[in-house]
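Visitor: If you read the sequences in order, they're chains A and B.
Numbered by the working numbering, the letters in the first sequence go through residues 1 to 259 in order.
Numbered by the working numbering, the letters in the second sequence go through residues 1 to 458 in order.
Check each hint, because a few of them may be wrong.
Cross-link-like lysine-lysine pairs, in silico, DSS-like; alpha carbons within 30 Å at most [what the hints assert, rightly or not]: (1) A/91 to A/81; (2) B/145 to A/128; (3) B/350 to A/140; (4) B/145 to A/190; (5) B/145 to A/142; (6) A/127 to B/350; (7) B/145 to A/81.
These are calculated hints, taken from the structure and not from any lab test.
The structure displayed is predicted, hence computed values, not measured ones.
Next come the chains, spelled out residue by residue.
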Amino acid sequence: MSEQATARKELAVSDEVAIEIQGMNKWYGTFHVLRDINLTVYQGERIVICGPSGSGKSTLIRCINALEEHQQGSIEVDGTKLTNDLKNIDKVRSEVGMCFQHFNLFPHLTILENCTLAPIWVRKTPKKEAIETAMHYLEKVKIPDQANKYPGQLSGGQQQRVAIARSLCMKPRVMLFDEPTSALDPEMIKEVLDTMIELAEEGMTMLCVTHEMGFARQVANRVIFMDQGQIVEQNEPEAFFNNPQSDRTKLFLSQILGH
Amino acid sequence: MNQDISYVRTEDAPLLEPPSSQIGPRAWLWENIFASMADYATPSKAIVSIMMTIITVFTAYALVWMTWTLLDFAIFSATFFDPEGLKREACLDAGGACWPFIKAKWYQFMYGFYPPEEVWRVNVCMALLAVGIAWLIFPLPHRGKVAAFMLFGYPVIAFVLLNGMPIEHDGDIGHVVSGVWFPLILAGIAFAGYWVTSHGSIGDVGEAMAPALLMAAIVLGIFAGLPLVTMTLDLALGTEVVETNKWGGLTITLVVAIFGIVISLPVGMLLALGRQSNAPIIRYSSIIFIEVVRGIPLISVLFFASAMLPYFLEPGVDFNKLLRAMIGVVLFASAYMAEVIRGGLQAIPKGQYEGGMSLGLSFWQQMRLIIMPQALTTVIPGIVNTFIGLFKDTTLVLIISIFDLLGILSATLKDPEWSTPTTAYTGYLVIALIYWIFCFGMSRYSVYMENKLDRSHR
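Whenever a hint applies, use it, and build me the whole structure from the sequences.
Guide: What follows is the structure in structure tokens.
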């Protein structure tokens, strides 16, 4: 535990703000999903967001790349404010990578084409260069030999690693993970978490919605607990797990760590 | 107990051939035909078996009878040659198919009333088409370029070849140029607009307009290029104008059907997307168009275009009857196509849109690169179904006196020189066969494409 903690502290967090959320509120119809969210994420931070289902944690990170609209407050990513202007939204999306629970790979394209699609069409990277970058990241997630297969031929863990590589090909400043291991067999969870840990160690700014508390302990520098659309508590992982402040957090932790 | 056990076999007995009841034609017949008729163990099973026997005998009889009748009509009792030029008398007594009639009218079946001395133009046109389609079906190199040529270049060439000169000119290059400059300038403006919207910073509205502007530039460019191309061809080949009312037969069928197929697919895609749009104006105009057109019979659209439209236009203002019919067919097929494609769009999981969005792809990029390829692949059977329906619906242009393949047959059947009891049967048999060949070809191609594009089970 303490070894992990020291290893974690070596990962630098700069003072540069990556994401700034102020007074953000969101409703689905009359249902108030996110209440008064204030969150500042610095470049190089690794944040794990946890909480009971329906607490709005997925919605929160989906707001950061405008997959969901927010109705009140402001979200600024890398200095770009998210408004209704599609140009800003596209800019933010191309700087923010995202991995989904169900991978959302494009089944009609090969692994390599999945990885080169956005660089070629959004970044206007020459095809040759895009392929080189894609192969570099596929090697990083340890599946370069699958490059010419289709997503349907890969296992779930491999697909999720491709999804991570696909996002990395856009050279994002921030990575969002929306329950990346929830749809995987236990055996495959480890290979995806290892990839994510490696990514964190290279200094990527990451926000992860996950129930993998081991992962939170090992790499996160901050754990955020949400309930009923609010940020209830946030702290360094050790303090968060060993000395939770609110009753709701204590209950949640006792339920997921209890057995 | 150390006994001599020499009577015990020390090696396996040789394998025997399977009994003849298990292999070969006899087993096949038993398994596939007689097995259902042989079970009399209980009264109810016996009844089933007897019923199956009756049905089998009846079906076998019908099959043999129909095959025999067809063969008898088409071959055994048929008249094949008419060396003395007797026409109807040659076929009158035989009682079978009258093949000399088909031979005599074959030209009309293919080309209608197209002047024979100009018919090479139709042949060149169809040969180009065949080469183009073959190039795309059997993946040969440079498919993209060939596809672009077939979409944008070929229609111009086909029009010039089939129709001849679209404008009057006296061979003076200056006059032609003066007819070219206006569409050319418009095309230039549209292209400049495309350049600015796609590279500049007009914002998302500009980006959404860019593809439309590019399309406009291309269409105007074709308009501007047309007189130049036609004049060049005219000077080189001396193509005369052949009015569309002289076109007919398979030529018309193919012109209308291919025009309909090529235009209805993209229009259908736009309508399908429009129907799902968040913008009420776009959504409601798409819904109204689709529902109105689907609610009217094609015949009434064609009849309206042909008979009623002139009342609404100023005297002297007229546009080509064939063009009107083609537009009618396209509108019709587009509405059906839109609903087929919408079915495909609904099969795409929301995650595919989100995957595209999260990578920063714009709306049109998502549609073109992610959503449409998958949606179209899913509904290939429905799309080809619509194409086949459209191909056969072209026969309805007869209602406005355009003589397509079927219409030409009806016209030739009125020829008293060939009036025999079997002429009509022969004609319809041949025409049915021609339609079937085209439709079956489309069907096979769709199966091939489905297998080729299927990524799910590999």
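Visitor: If a hint holds in the structure, say so; if it does not, say that too.
Guide: Going through the hints against the structure:
no.: 1; hint: A/91 to A/81; in the structure: holds, 10 Å
no.: 2; hint: B/145 to A/128; in the structure: holds, 21 Å
no.: 3; hint: B/350 to A/140; in the structure: holds, 29 Å
no.: 4; hint: B/145 to A/190; in the structure: violated, 47 Å
no.: 5; hint: B/145 to A/142; in the structure: violated, 37 Å
no.: 6; hint: A/127 to B/350; in the structure: holds, 28 Å
no.: 7; hint: B/145 to A/81; in the structure: violated, 42 Å
Checked against the numbered hints given earlier, the structure breaks hints 4, 5, 7 and satisfies all the rest.
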